[in-house]
Amino acid sequence: MGEFKVHRVRFFNYVPSGIRCVAYNNQSNRLAVSRTDGTVEVYNLSANYFQEKVGCEDGSVKLFQITPDKIQFERNFDRQKSRILSLSWHPSGTHIAAGSIDYISVFDVKSGSAIHKMIVDRQHMGVSKRKCIVWGVAFLSDGTVISVDSAGKVQFWDSATGTLVKSHLIANADVQSIAVAEQEDSFVVGTAEGTVFHFQLVPVTSNSSEKQWVRTKPFQHHTHDVRTVAHSPTALISGGTDTHLVIRPLMEKVEVKNYDAALRKITFPHRRLISCSKKRQLLLFQFAHHLELWRLGSTVATGKNGDTLPLSKNADHLLHLKTKGPENIICSCISPCGSWIAYSTVSRFFLYRLNYEHDNISLKRVSKMPPFLRCALQILFSEDSTKLFVASNQGALHIVQLSGGSFKHLHAFQPQSGTVEAMCLLAVSSDGNWLAASGTSAGVHVYNVKQLKLHCTVPAYNFPVTAMAIAPNTNNLVIAHSDQQVFEYSIPDKQYTDWSRTVQKQGFHHLWLQRDTPITHISFHPKRPMHILLHDAYMFCIIDKSLPLPNDKTLLYNPFPPTNESDVVRRRTAHAFKISKIYKPLLFMDLLDERTLVAVERPLDDIIAQLPPPIKKKKFGT
Amino acid sequence: MAALEEEFTLSSVVLSAGPEGLLGVEQSDKTDQFLVTDSGRTVILYKVSDQKPLGSWSVKQGQIITCPAVCNFQTREYIVVHDNKVLRIWNNEDVNLDKVFKATLSAEVYRILSVQGTEPLVLFKEGAVRGLEALLADPQQKIETVISDEEVIKWTKFFIVFRHPVLIFITEKHGNYFAYVQMFNSRILTKYTLLLGQDENSVIESFTASVDRKFISLMSLSSDGCIYETLIPIRPTDPEKNQTLVRSLLLKAVVSGNTRNGVALTALDQDHIAVLGSPQAASKECLSVWNIKFQTLQTSKELPQGTSGQLWYYGENLFMLHGKSLTVIPYKCEVSSLAGALGKLKHGQDPGTHVMPRFVNWETPQGCGLGFQNSEQSRRILRRRKIEVSLQPEVPPSKQLLSTIMEDSEKHIEVEVRKFLALKQTPDFHTVIGDTVTGLLERCKAEPSFYPRNCLVQLIQTHVLSYSLCPDLMEIALIKKDVQLLQLCLQQFPDIPESVTCACLKIFLSIGDDSLQETDVSMESVFDYSNSVHDEKMEEQTEILQNGFSPEEDKCSNCDQELNKKPQDETKESTSCPVVPKRAALLNAILHSAYSETFLLPHLKDIPAQHITLFLKYLYFLYLKCSENATMTLPGINPPTLNQIMDWICLLLDANFTVVVMMPEAKRLLINLYKLVKSQISVYSELNKIEVSFRELQKLNQEKNNRGLYSIEVLELF
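Order-wise, the sequence lines are chains A and B.
At position 458 of the first sequence the residue is numbered 458 (the working numbering), and the sequence of numbers has no breaks.
At position 487 of the second sequence the residue is numbered 487 (the working numbering), and the sequence of numbers has no breaks.
Incorrect hints may appear among the rest.
[As the list claims (entries may be wrong)] Heads up, incomplete: computed chain A residues facing chain B, CB under 8 Å, no partners named: (1) K5; (2) R10; (3) T299; (4) G306; (5) T308.
Just so you know, these hints were derived from the structure itself, not from any lab.
Predicted, not measured: the structure shown is a model, and the values here were computed from it.
No residue lacks a Cβ here, since even glycine has one placed at the ideal position from N, Cα and C.
Required output: the full structure, derived from the provided sequences and hints.
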């Protein structure tokens with residue numbers, strides 16, 4: 001199938017930011033996740049938990065503060081002595097519960113006065129702590145206020161009388177978050193020990209109408225503080241300092257016990273943070289506030305499968321490019337020739353020209369960006385690095401001609417009338433004639449770059465596109481979707497290829513469909529037109545279109561090389577999917593030349609090592 | 001709980017169903033797809049989840065399908081018979097039935113039967129059976145006649161029992177019914193005559209059957225509206241002889257006897273059947289699901305447009321012709337939870353409800369709430385063993401035993417009990433054992449001299465009793481101070497209350513050594529410690545070294561000195577067992593028993609102080625024995641575990657601390673226990689310290705696997 005030299009890169013020092021807040025919307029079945037660096041991500045839970053959008057707004061914290069500010073402005077609430085840390089509206093909008101330090105206040109919205117002040121016990125395991133911080137409150141429609149606090153308690157209060165109804169001590173550390181189901185029959189809390197507890201309203205005895213809140217299930221999927229929780233009708237969602245987003249389906253609510261009912265743990269972004277210059281063997285890493293440019297090393301040695309070759313030259317860190325201002329980087333790209341770097345934040349677009357003189361690199365910013373190039377969602381250079389394609393957040397696709405140190409705006413494809421959706425994935429053919437662009441749901445459009453017009457639209461598919469690429473020579477567009485389907489569409493013929501139809505007819509192997517990370521990059525071998533190279537976070541795969549497809553009975557992944565098997569056996573068991581799971585978690589993989597691959601890994605242990613230490617728990621004794 | 005879900009119609013196309021309804025609905029090789037054969041010329045393949053037809057095939061004008069199409073699961077082909085003798089085989093790709101494989105047979109076919117995992121069978125109208133392969137090899141082969149003239153096949157079904165295909169078919173001749181069971185592999189055909197019992201005039205309307213290990217349970221719906229059950233043995237006792245089978249009433253008056261339309265029933269699972277028909281003469285037709293174990297109506301659904309009196313059940317779907325269209329009703333039977341049942345118990349004992357028998361035997365259906373006034377009679381009818389060719393009028397042995405208990409001597413009872421236990425376990429074994437024990441105990445209470453100890457021992461050893469079934473048993477044993485029986489109870493019963501456990505403990509501690517000598521307690525849990533006592537020197541060494549516990553090294557030096565002054569026999573005290581082995585065995589039974597701390601503590605306070613110290617000494621001794629080896633376990637079969645020992649030490653001290661502290665003779669023991677705890681604490685704190693080092697080691701290990709930040713490797717994909 002092929003032997004490759006693999007540049008195994010582990011110096012991409014990427015640490016996802018901790019999750020600060022999650023919010024679930026029932027109508028769209030989407031989940032918004034905000035991280036401590038200010039990014040907001042939207043996940044489509046219906047589309048195999050695919051990360052649809054990433055916004056990099058700064059100042060999300062301010063947004064949170066606006067709500068209490070506004071209320072104060074409209075009606076001066078009674079002044080509170082200490083900070084308010086949590087708020088919850090009564091569903092009817094008449095009352096607000098506010099959690100402060102050592103007490104919870106219930107405000108009447110009309111009069112603006114505090115009608116109750118409920119003092120929270122400071123006692124913690126019999127020892128009086130200094131302060132008890134009410135991290136979260138939830139106001140139920142029957143007037144019950146549920147509070148979670150730093151003493152490890154979940155407490156139920158009657159807001160009409162201001163009395164404590166029930167108290168559950170659930171943790172030795174802070175309980176930091178609470179979320180109530182829409183039906184108000186169950187809620188979920190998260191603790192600083194990484195535990196998530198599920199509470200349910202269950203009848204005291206069967207048939208009786210009297211119900212009580214019971215702590216039903218504990219889950220330990222986090223190592224660090226669970227800063228936020230959400231409750232969808234079928235799942236508990238939690239996130240925190242350890243940067244994982246965990247979606248735990250409630251088995252009693254899941255109707256079909258299939259693979260969708262499995263626990264999901266999302267750690268890595270579903271988009272590319274790395275781009276690569278094949279010609280100069282450069283890697284560009286994108287971080288929240290800076291870019292890093294690295295040159296890969298080299299070797300002259302050869303070896304057999306599994307060997308680590310001695311390096312004749314190590315990898316170099318060439319450049320550390322910091323952004324100006326507090327805004328996060330949305331996207332970045334290095335041109336295939338290595339002479340251009342482009343990146344965009346939420347309000348500005350930057351283009352740099354790189355000059356290489358022996359070992360020296362000089363960087364020159366291209367100034368005077370046109371005003372329409374302000375916020376890009378995706379940037380792409382053409383194969384010959386003469387054109388720059390920019391997908392703006394307004395929905396337009398700009399084509400910019402690059403020559404020498406200057407640029408010229410050639411054309412802008414305006415979004416289809418009636419759509420406002422911005423394109424977030426781009427792919428260009430190697431001859432530079434075709435440009436494919438995909439939004440989150442509106443399908444894939446293919447533009448003719450020479451004639452500057454829309455060529456065709458790929459038939460719409462229910463699931464969002466996670467990666468796409470155009471094969472050289474044939475100009476076949478290969479599209480991967482979040483439900484793990486892969487299509488091949490011939491751009492010149494404007495139809496799916498025969499191979500794609502065969503694949504759809506036979507169906508993918510069930511293990512292929514059960515992978516839970518999306519394909520994030522597709523590339524092609526310049527000399528082997530039948531090969532498609534693609535990868536997700538846990539595997540790298542070469543699809544050989546000339547071989548038969550595997551059916552559900554064949555072994556999809558065989559980690560062992562064939563030993564002494566006769567040619568007949570090998571031919572019978574060989575199938576189109578050649579999978580390698582050596583490199584993981586795999587953030588990027590591409591073909592540098594015919595015989596060289598580059599793989600960027602980010603081991604989880606390296607991320608954990610950079611997180612603050614979790615709450616220490618004694619293992620022995622009491 | 002069984003439930004019928006919302007019905008849906010498979011197709012708006014009106015099927016050409018004749019007055020007889022459809023010919024049949026059969027499974028195809030895909031779980032969701034079914035072959036529907038109408039009574040004319042057409043076979044349709046439906047996908048139920050999509051509610052639409054996937055394919056349709058018709059025979060030529062003038063031909064008529066005479067046997068429902070089935071799927072050959074082995075080849076994924078469909079088979080149908082038209083004009084009685086012409087066999088057609090086709091698959092999904094075929095369009096025209098005229099052009100597919102055809103075989104003309106020499107005799108008329110009644111049904112083709114196909115189940116997953118074996119080749120289809122062809123049942124001829126004359127009763128002969130052939131495998132499809134064998135038949136196709138020579139379609140014109142001669143087919144023998146099995147059934148007599150004027151005998152007509154009414155119904156048939158095909159099972160796989162232990163991988164053997166078994167075919168059953170029912171014939172009728174002049175109002176008499178016969179069942180034929182064909183073991184296809186062994187080619188044994190057994191004929192049974194079905195006796196209709198009291199109601200000789202009734203006509204059987206519909207049959208269904210389910211199979212368990214030994215019997216085919218044939219259920220029939222008669223024209224009197226009742227469902228009867230007949231058990232047909234799969235392996236015939238004497239295949240040559242013509243045997244008769246008695247049927248017994250299973251459910252009474254399920255449907256009205258005289259409906260115009262047909263009625264039908266089908267078995268859903270072991271305990272549930274679905275019945276189609278009108279509950280009363282005038283009312284509309286209903287589909288109802290009955291639980292035959294509890295004889296309750298689970299759910300029912302009205303079918304106002306009338307049905308054809310046909311019912312099929314595959315997977316989770318019930319199929320029937322409702323009005324003119326084929327209707328599917330999904331059926332689900334979810335397992336009812338024990339928690340739900342327990343919750344209901346609280347409300348179960350309303351005053352005025354009639355007393356249920358104390359021992360419920362779940363193997364036999366109880367006649368409750370179905371209009372059986374005489375429970376005695378219903379019991380006899382409902383007895384599951386109904387295959388006796390002739391009924392025995394004899395009194396069952398259990399009855400005999402119960403009457404013996406009330407009158408006879410201990411000796412005689414013992415013989416009877418042994419006899420009964422020697423019998424094979426009957427379905428009502430639990431009930432009889434329960435009744436026997438209750439009977440015996442009642443007599444014990446009435447006659448103080450009566451104490452059938454051996455009987456009780458035997459009954460307890462049957463493993464079917466528990467404390468809650470016979471609370472009096474342990475009470476009487478406590479009064480009689482029968483430690484052997486108490487030990488047995490502690491070992492066998494899972495649900496002894498803490499107060500009784502404590503009462504046992506009191507007796508075990510207080511009973512004299514001499515009276516213990518006479519008893520015959522089980523010594524299984526006690527290891528003979530005495531032989532190790534001789535080698536005292538070695539003993540002391542191990543004590544110092546093992547598992548972090550070293551009383552000698554302790555800082556409590558002054559009390560140590562004081563104690564060290566005492567002569568040698570003091571050290572001996574801690575190394576030799578403070579109780580005789582028999583008592584140790586009894587105490588071990590206590591240690592093994594289940595308890596809840598909250599309920600046990602108050603009872604422990606009632607134990608006299610010297611007994612507490614004795615028990616503590618024994619526990620301390622066990623602890624020392626435990627710490628002698630690295631695994632912290634005691635030798636022997638089923639010895640007390642370290643956790644049990646530690647828990648009981650804590651419990652005893654918690655309950656009696658003030659008393660024990662005041663006792664001078666317990667001083668040494670307390671000091672030892674104190675040292676024990678201290679050493680445990682230091683072990684744990686050391687472990688906590690070591691944890692950091694372990695983590696460093698782990699890190700080192702990880703670094704070894706880590707190949708650095710950058711490398712170039714060779715990868716070959718195969």
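Q | Closest C-beta approach of T308 (chain A) to chain B relative to 8 Å, hint status | A | holds (5 Å)
Q: Classify the hint on R10 (chain A) as holds or violated, based on whether any CB of chain B lies nearer than 8 Å to its CB.
A: Cβ of R10 (chain A) sits 5 Å from chain B, so the hint holds.
Q.
The hint names T299 (chain A) as touching chain B; please verify it with the least Cβ-Cβ distance against 8 Å.
A. With Cβ-Cβ at 5 Å, under 8 Å, it holds.
Q: Return the status of the interface hint for G306 (chain A): holds when the least beta-carbon distance to chain B is below 8 Å, violated otherwise.
A: holds (7 Å)
Q. Against chain B, is K5 (chain A) within 8 Å by beta-carbon distance?
A. holds (6 Å)
Violated hints for the displayed structure: none, as all numbered hints are satisfied.
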